[in-house]
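Go ahead and model the full structure; you've got the sequences and the hints to work with.
These are the residues of each chain, in order.
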Amino acid sequence: MPRDIEKQEADLFELYADDPDRADEVVFGRVPHDDRRGFLRGAGLASMGALLGAAIPFHRNMPAGFIPEALAAEPVKIEGKDGLTILNDRPVNAETPPHLLDDAVTPTARHFIRNNGIPPEDTDPKTWKLKIDGLVNSPMDLTIDDLKQKFEVVTHRLTIECGGNGRSFFDPPARGNQWTLGAVGCSEWTGVRLADVLKAAGVKDNVVYTAHVGADEHLSGNPDKLPISRGVPIAKAMNPYNLIAFGMNGGALHPMNGAPLRLVVPGWPGSCSQKWLTRVWLRDTVHDGPKMTGSSYRVPKYPVAPGQKVPKKDFEIIEAMPVKSLITSPKTGLKTSDRTLTVRGHAWSGDNAVSSVDVSIDFGATWMKADLAKPHNPYAWQQWSAEIKFPMNGYYEVWVRATDDAGQSQPFAIAWNPKGYLNNSMHRISVTVA
Amino acid sequence: MSARKWTGALVCAAALAWGWLAATPAGFTQSAVASDETDFQGMPPGKGREETFYACVVCHSMRLVTQQGLSRDRWDEAIDWMVEEQDMPELEPADRALIVDYLAEFYGPDRKADTQSTQ
Chain A
1 MPRDIEKQEA DLFELYADDP DRADEVVFGR VPHDDRRGFL RGAGLASMGA
51 LLGAAIPFHR NMPAGFIPEA LAAEPVKIEG KDGLTILNDR PVNAETPPHL
101 LDDAVTPTAR HFIRNNGIPP EDTDPKTWKL KIDGLVNSPM DLTIDDLKQK
151 FEVVTHRLTI ECGGNGRSFF DPPARGNQWT LGAVGCSEWT GVRLADVLKA
201 AGVKDNVVYT AHVGADEHLS GNPDKLPISR GVPIAKAMNP YNLIAFGMNG
251 GALHPMNGAP LRLVVPGWPG SCSQKWLTRV WLRDTVHDGP KMTGSSYRVP
301 KYPVAPGQKV PKKDFEIIEA MPVKSLITSP KTGLKTSDRT LTVRGHAWSG
351 DNAVSSVDVS IDFGATWMKA DLAKPHNPYA WQQWSAEIKF PMNGYYEVWV
401 RATDDAGQSQ PFAIAWNPKG YLNNSMHRIS VTVA
Chain B
1 MSARKWTGAL VCAAALAWGW LAATPAGFTQ SAVASDETDF QGMPPGKGRE
51 ETFYACVVCH SMRLVTQQGL SRDRWDEAID WMVEEQDMPE LEPADRALIV
101 DYLAEFYGPD RKADTQSTQ
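First to last, the protein sequences are chains A and B. For what it's worth, my numbering labels the leading residue of the first sequence as 1, then goes sequentially. For what it's worth, my numbering labels the leading residue of the second sequence as 1, then goes sequentially.
Among the clues, some could well be false.
[As the list claims (entries may be wrong)] Partial pick of chain A residues on the chain B-facing surface, computed with a CB cut under 10 angstroms:
id, residue
1, ASN93
2, PRO172
3, PRO290
4, LYS309
Just so you know, these hints were derived from the structure itself, not from any lab. Predicted model only: the values in this text are computed from it and were never measured. Note that beta-carbon positions come from the ideal geometry of N, C-alpha and C, so glycine has one too.
Now the structure itself:
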């Protein structure tokens with residue numbers, strides 16, 4: 001594409017970025033309804049439709065300041081993120097290639113993004129409010145300053161992994177974002193303990209489950225609909241490593257990682273760690289918010305054949321994430337003349353610690369022990385490394401397998417399930433020695 | 001496609017009217033025409049493509065759709081989920097059949113679109 005055309009397209013994007021409503025008006029003569037959707041009196045509808053080469057049947061739903069997809073096919077860049085693979089731009093879902101996850105503490109720019117809805121526009125930490133209510137003795141409304149003043153502020157390295165990480169390897173394919181390996185990260189999170197805040201509010205005896213609410217908007221634009229609201233059993237909620245976090249790696253949270261306030265519930269599917277957190281309410285029943293029910297973040301209670309249909313009643317909620325490991329160096333596809341190679345990466349396991357890591361260069365026939373560091377704190381992923389000696393030139397795969405302190409280890413094959421969760425099969429990279 | 005050329009001119013006119021992009025309006029005309037290639041986010045041409053695009057893109061990018069590889073049954077379930085859980089308006093039965101057929105054809109378990117996409 002000649003450069004001047006690129007430039008013009010950039011202008012269109014800048015205009016939308018600066019002032020989307022004006023951009024709509026300028027480009028399409030469009031004025032939205034009061035709810036910032038649709039086209040007031042049809043203004044702009046004809047020209048946008050014409051531009052797209054077709055009518056827009058659901059134009060009433062079309063959000064204001066929305067670049068039609070036909071024009072928005074430019075590669076998307078997310079400010080403050082670096083090297084992520086973008087699976088989806090609306091809502092934003094992006095993962096980190098394994099070789100960019102090499103740091104023990106995942107830099108903010110490399111932490112994956114899993115959005116279910118449209119992030120809130122107003123994220124001013126000064127006016128942000130968190131409500132603690134439901135079955136508590138004294139409901140609370142807290143600002144971020146209140147949290148900092150009333151409760152001990154702590155910093156931990158905490159592993160967050162999306163329940164669907166690895167879904168793309170399912171056969172037959174499972175519905176959802178096609179994550180490969182990088183919907184996981186371990187950043188340093190600063191905040192107050194969820195348990196301290198709940199204790200201050202006074203947890204009633206009959207509480208069974210938490211319910212988390214964030215400020216992001218449902219994709220349909222319906223203001224009464226939550227994109228996602230999940231929770232955890234009260235026993236898990238009281239674990240001292242769950243944070244109500246306002247800091248990430250010594251700075252603010254990235255806007256796409258939930259700024260200014262989020263939960264971090266490490267070791268369980270990332271969806272338990274509600275972003276843009278506005279409310280935690282305590283319930284006397286298992287929470288039934290969006291993405292708690294049906295087959296969302298659930299797996300069959302029994303092993304199933306690949307592709308098998310499973311009745312809704314046979315699904316159960318995913319709790320801890322399984323043991324897993326990643327090779328973060330070298331990058332897969334390495335060509336080297338050196339017969340000695342250091343490989344390294346991280347290993348983690350839900351609520352447990354990893355007790356050993358093994359590597360194989362002969363498709364799993366023999367294994368050697370890797371050096372494994374203790375976790376910096378519970379729920380931090382652990383660093384491992386191994387020095388490999390290749391016996392001759394040729395094509396190799398390096399496989400890695402972690403085992404946790406409950407004796408669970410990683411499978412070679414995927415335990416298929418309908419929605420593509422919990423793929424903790426071994427990570428492999430290829431190395432050619434020539 | 002001549003319709004696209006015309007729409008390119010239309011945007012160009014809108015831009016000129018506001019004194020925006022005054023430098024090289026011709027560049028923009030071409031880029032709108034060039035969007036021919038990127039239209040429908042790489043969805044291969046086929047019966048039901050436009051219906052599918054406009055039914056889905058109001059809520060999310062087509063990338064959420066084109067990542068998938070689902071059987072016809074599973075696509076049908078996906079649309080049920082969109083309607084029952086996500087506030088998608090019920091589709092006319094004829095449109096729904098067209099859309100499910102299109103999705104199953106190009107975004108089935110063999111991900112045929114990967115070899116046919118326009119991107």
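Evaluation of the interface hint that places A:PRO172 against chain B, nearest CB under 10 angstroms: Where the cut-off is 10 angstroms and the nearest Cβ of chain B is about 5 angstroms from A:PRO172, the hint holds.
Interface hint check: A:ASN93, Cβ to nearest Cβ on chain B, cutoff 10 angstroms. Holds or violated? Interface hint status for A:ASN93: holds (8 angstroms vs cutoff 10 angstroms).
A:LYS309 was flagged as interface toward chain B. Is the shortest Cβ-Cβ separation under 10 angstroms? Interface hint status for A:LYS309: holds (8 angstroms vs cutoff 10 angstroms).
Holds or violated: A:PRO290 as interface residue toward chain B, Cβ cutoff 10 angstroms? Holds: closest Cβ of chain B sits about 7 angstroms from A:PRO290, inside 10 angstroms.
The structure meets every hint from the earlier list without exception.
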